[in-house]
Amino acid sequence: MILIWLIILQLGAGILSWLLSKRDNRLAAGIALTAVIACLLLTIQLFARFRPSFAGGGQWLMEYRADWIPAFGISFHLALDGLSLAMLLLTFFLGALAVLCSWKEIRQRAGFFYFNLLWTLAGITGVFLAIDLFLFYFFWEVMLIPMFFLIYIWGDTRRRYAAIKFFLFTQAGGLLMLLSILAMVIIHAGQAGRYSFDYADLLNTTLSPGTAKLIMGGYLLAFAIKLPVVPFHNWLPDAHGEAPTAGSLILAGLLLKTGAYGIIRFVITMFPEAAASVSWWAMLAGVIGIIYGAFLAYGQTDLKRLIAYTSVSHMGFVMLGAFSFSEMAMQGVVMQLLTHGISTGALFAIAGMLKERLHTRELGRMGGMWTTMPRMGGIAMLFTMASLGLPMLGNFIAEFFILMGAFQASVPLTVIASTGLVFAALYSLRMVQKVFLGPPSVENITFDLDARELVVLGALSVSIVLLGLFPQPVFDMITNVIRNLNHTYE
Amino acid sequence: MMSIQVSAVLIVAAILFVLGFIGVLTRKNILFMLISVEIMLNAAGLAFVAASAKWQQADGQVMFLFILAMAAAEVSVGLALVLQIYHQYKTLDIEKLNALKDE
Amino acid sequence: MNNLLAYIPAFPLLGFLVLSIAGRKMSKNLVALTGAGTICISAIISLVIAAGFISSPPTEGFISTSVWHWFTLSDFIVNIGLRADALSVVFIFIITFVGALIHIYSAEFMRHDEDYARFFASMNLFVCSMLLLVLADNLVLLYLGWEGVGLCSYLLIGFWFKEPTNNHAANKAFLITRIGDTAMLIGLFLIFHNLRTLNIQEILLLAPQNFSTGSSEITLIALLLLAGGMGKSAQVPLQTWLPDAMAGPSPVSALIHAATMVTAGVYLVARMNAVFALSPLAMSIVAVVGAVTLLLAGCSAMVQSDIKRILAYSTISQIGYMFLALGVGAWTAAIFHFFTHAFFKALLFLAAGVIIESLHHEHNIFRMGGLKKSMPVVFVTFLAGAAALAALPLVTAGFFSKDPILWYAFSSEKGNAWLWMTALLGAFLTAFYTTRLMIVVFWGEAKTAIGHHPGKAMIIPLIILAILSVTAGFVEWPHNMIHLTLFSDLLHQQLPEVALKPDLPAESLFQLIAALTTFAGIALGYMLYYRKTYLATSWLQSPSVAGVHNLFKSGWGFDHFYRAVFVQPFLFITRINRTDFFDRIYDGIASLNIQLNRFLSLSQNGSLRWYVVGVLAGALFIITLQLLL
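Same order as they appear, the protein sequences are chains A, B and C.
Reminder that position 302 of the first sequence reads as 302 in our numbering, one-by-one numbering, no gaps.
To convert, count from 1 in the second sequence and add 490; that's our numbering.
To convert, count from 1 in the third sequence and add 593; that's our numbering.
If you're looking for bench data, these hints aren't it; they were derived computationally from the structure.
Hints should not be assumed to be uniformly reliable.
Unchecked claim - To give an idea of the interface, some chain A residues facing chain C are shown, with a C-beta separation under 7 angstroms as derived from the structure:
id, residue
1, ASN234
2, PHE295
3, GLN331
4, LEU390
5, MET404
6, PHE407
7, PRO412
8, VAL415
9, SER418
10, VAL422
11, LEU437
12, GLY438
13, PRO471
14, GLN472
15, PHE475
Unchecked claim - Taking lysine-lysine and the DSS-like style, the derived pairs with C-alpha atoms no more than 25 angstroms apart in a straight line are:
id, chain 1, residue 1, chain 2, residue 2
16, A, LYS355, C, LYS755
17, C, LYS755, A, LYS434
18, B, LYS586, B, LYS544
Glycine included, C-beta positions come from ideal geometry on N, C-alpha and C.
Excised from the complex, chain A in its bound form (with noise of 0.2 angstroms):
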């Protein structure tokens, strides 16, 4: 039942700060924290419940049930491992920074703004839940259009061709995907005699290779639209870089992490074979990915603009990872998922609390800030480091891993993504150096960090260093999903 109410808590909330909001915008953010840190509070306690039961047996450490259109044999069907746990204690955790940094920055419809956050923040938590196809796209659609919306209504000058191109995009792939569960489901229907959007089911489905191969294809498109992998990335840029901060932090920190986790889930559980023939080509993606993300990072001249590709760079680990079928690599790949949240989220609150200051996103107009700013400066130096892949930080961690349990797979692919630190470093200090650094301009004095967006740079520069040097309960959590995974691929 739990499952089910961190569900309706954000729904219900975010349906009364839409109500309530009439006469105060501060309630409506009150109402959407105080939602967000409850979920984020039940999260922890199930994360204490279960954390001595991670290495045992069972697939699930919880389900919940409900029949919704038994006909067609849909479900409402919601279930929580090691994987689903860690990406929702990273949803809440995000979801809270998240109401935080837009405390101040929303003023205009506020309680629209916050039903939408906490809808989309509902759609992800379904995502990462549902294990019932239809439910599964279901909410792959919820958190679709609220997000639309923050980016059409709160956006920054070029908001609307943003939210549009982001819509396209990830619908297009949402398609692809409802065409492949479609087709997944009537074949199923054809061998079992019933229909069944069922994970369960469908897992035991028995497709010929081609069928699984084009099948795959569909959702492996869908996920890679959204994680992104090169050349599907166009939409990203655009939408972290209008979107307001909350949505740039929820789309880099939240939405690029569905992609991961379907390509986990479904994509290399559901078809190993399939997935394995084609995984040297997704690693070359994931390759690619990060060189030319890294390429395009440097060359930007928007603060908001670079840090969205350097997600671009940092997602083709994931693909690297996903696709090398090493434990240890997928140990990383989940790593990244959630150091990467962490990290590129901190830098994205850093671009508009400077934003919020400077009134621009251009790096030409900052520069000389640690002056004026010595606490911003420390820690965006440590997000950077993390960016960048210093150990002693989280994100060190998941490229290690990745790069390590690539190398068994493929030595050149790995070699040559191992330069992507070299041109992570090129991009990173790049940043630094334009914002932070060199001569203080007179227009830009300003005042330091003040204590909320303190709390919230705080916990993320907390959890970074915490995940870099306490990094095994995470690995506990996990290990029993991925020793799960290789039986599939065994």
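Put chains B and C on the given structure of chain A with help from the hints.
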């Protein structure tokens, strides 16, 4: 009872239809275009009646009743629209009423 | 003693945390106390451990402690584990002891800087990372320290970040070392791929069992690790960052870019000696890299006019000597040279810092001069350091450490006459440029007025280091003189001894040649810069000499080469593709749709008649189809 050739009736219906159609095409005034549409509807009704007489089936008669009802409805809505258009644009010239044009 | 080990890096870390969180609210005295105090405590603990090592060596030859469990993935277990053997003890002693002296010096040197706390925070983090690097019991933790020192080096080179050139220097240092680091990381993957472990002791144990001598895999591993070492230790071709790194404050140059961090490569090669020993090819590459570096950097040092750049090139050159020693298998000699070099090079940088401060931030040696009388303490200490650098026979530490390298370059099984002659030429150059530096700075007439004299906190470290620069060599004498080999006795617990060629000429002959070479270098410097100063200027008139001079001065044109081959193409690509090539494709699809829309909307012109014709045409079309088909 003198029976009229079905083909003759159909020819009359066709002539009526074409006349109506030419009216729709050539008239500039919406009101006349509406009248022309009425003529076309009636031509269709005539064809139905003739067909019904030919095969001794009631369906054609029923269809004619439908057409009558529809024509009445169409005229009432159409005339209301025409009134509104005149009210708004002070003209019934179809050449000038091209607000539906895509920009 | 085991329990103490973890506290050595813990105190600097504590200092870093306190200073970075609360540093801006603390008084300068408190900052200095925290910054320098933590290092001093670490130094005392290291001294205790080092004393323990010498007086009663632990039975296994090392002490170790596991601080916490880092991560486990099936059979791959990595701890934050520290392990100190003789090699590490030498390093932690130097890091904490020289580090403490430099921190004390900095307390006064940086006194008037507004970012006092940030300076000490970065320095403390550096010391912590460096200690982790040398104490790590596995390569992942070593890599953590390795990157940590890189970060601190970056932060401290760009410490005065308002000056864009400093930032460029910092970026350059970080990037070039990162290239080496990435190669090293790939080396780590390769090691794990073959041995399924990254624990250093296990690797050293397993490598000889799993690889045959000279196999291509072990050579590749060794070379990848070497690439990491070359980046950090500024060896050709990754040396170009170090001269620019002098943009940082002088204490930083002394601690990071002379005494400790830049010798991390030496440590790595020495630490992984069993891996390198398996690959003769990698060993000779190490030796050749060292030899080439020492020569190229020596040439560049001769013609610089910035006091810190002279010292930077001499640092590169001296580390070249260490690599040369490693390459010929003289592990102990390399570490011994590191040991003495740390003292005298730190001393030279600190003294240079004093001079620069006193002369209103003047870096050009030709605008100094005559400091012998006006700054006697600095003169005497600098002289001690310079003599050690030039390896003045018998009275300086530099001689005792450089002489074995020259000897082994020839006499070791892996050595040969070419390596020896290169090293000898390097020794000549070293003596020459050191003499030039001394004479130009301290003799002649004063060209810049002295601003203020250094205080006690800056002078005392200079004196201590000067004493050590003279005496540190006495712990290890050449075999043919006094039989006192404290240092190599200690290290031979860890590092293998040199295998010598049979039928060698007498060692004393080589020592004599080396000594004469040094004197010749000094004599040439004396001639050119004291007796007949017109000679140097007249030589520079001729275009060929001037060309060579410029080549040397620009560091052999590596910067230009890299700029043309790597930097410019990269910038070009990022510039032309700034708007993302793939976006053009999607824009193309979008504009195709818009064109199609425009074409179809021609039909929607608002004319009712046009629509009616459309209906008619459609009806006719369908009827025709019906009739025809």
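Evaluation of the provided hints:
| no. | hint | result |
| --- | --- | --- |
| 1 | ASN234 | holds, 5 angstroms |
| 2 | PHE295 | holds, 5 angstroms |
| 3 | GLN331 | holds, 6 angstroms |
| 4 | LEU390 | holds, 5 angstroms |
| 5 | MET404 | holds, 5 angstroms |
| 6 | PHE407 | holds, 4 angstroms |
| 7 | PRO412 | violated, 11 angstroms |
| 8 | VAL415 | holds, 6 angstroms |
| 9 | SER418 | holds, 5 angstroms |
| 10 | VAL422 | holds, 5 angstroms |
| 11 | LEU437 | holds, 4 angstroms |
| 12 | GLY438 | holds, 5 angstroms |
| 13 | PRO471 | holds, 5 angstroms |
| 14 | GLN472 | holds, 5 angstroms |
| 15 | PHE475 | holds, 6 angstroms |
| 16 | LYS355(A) - LYS755(C) | holds, 22 angstroms |
| 17 | LYS755(C) - LYS434(A) | holds, 11 angstroms |
| 18 | LYS586(B) - LYS544(B) | violated, 45 angstroms |
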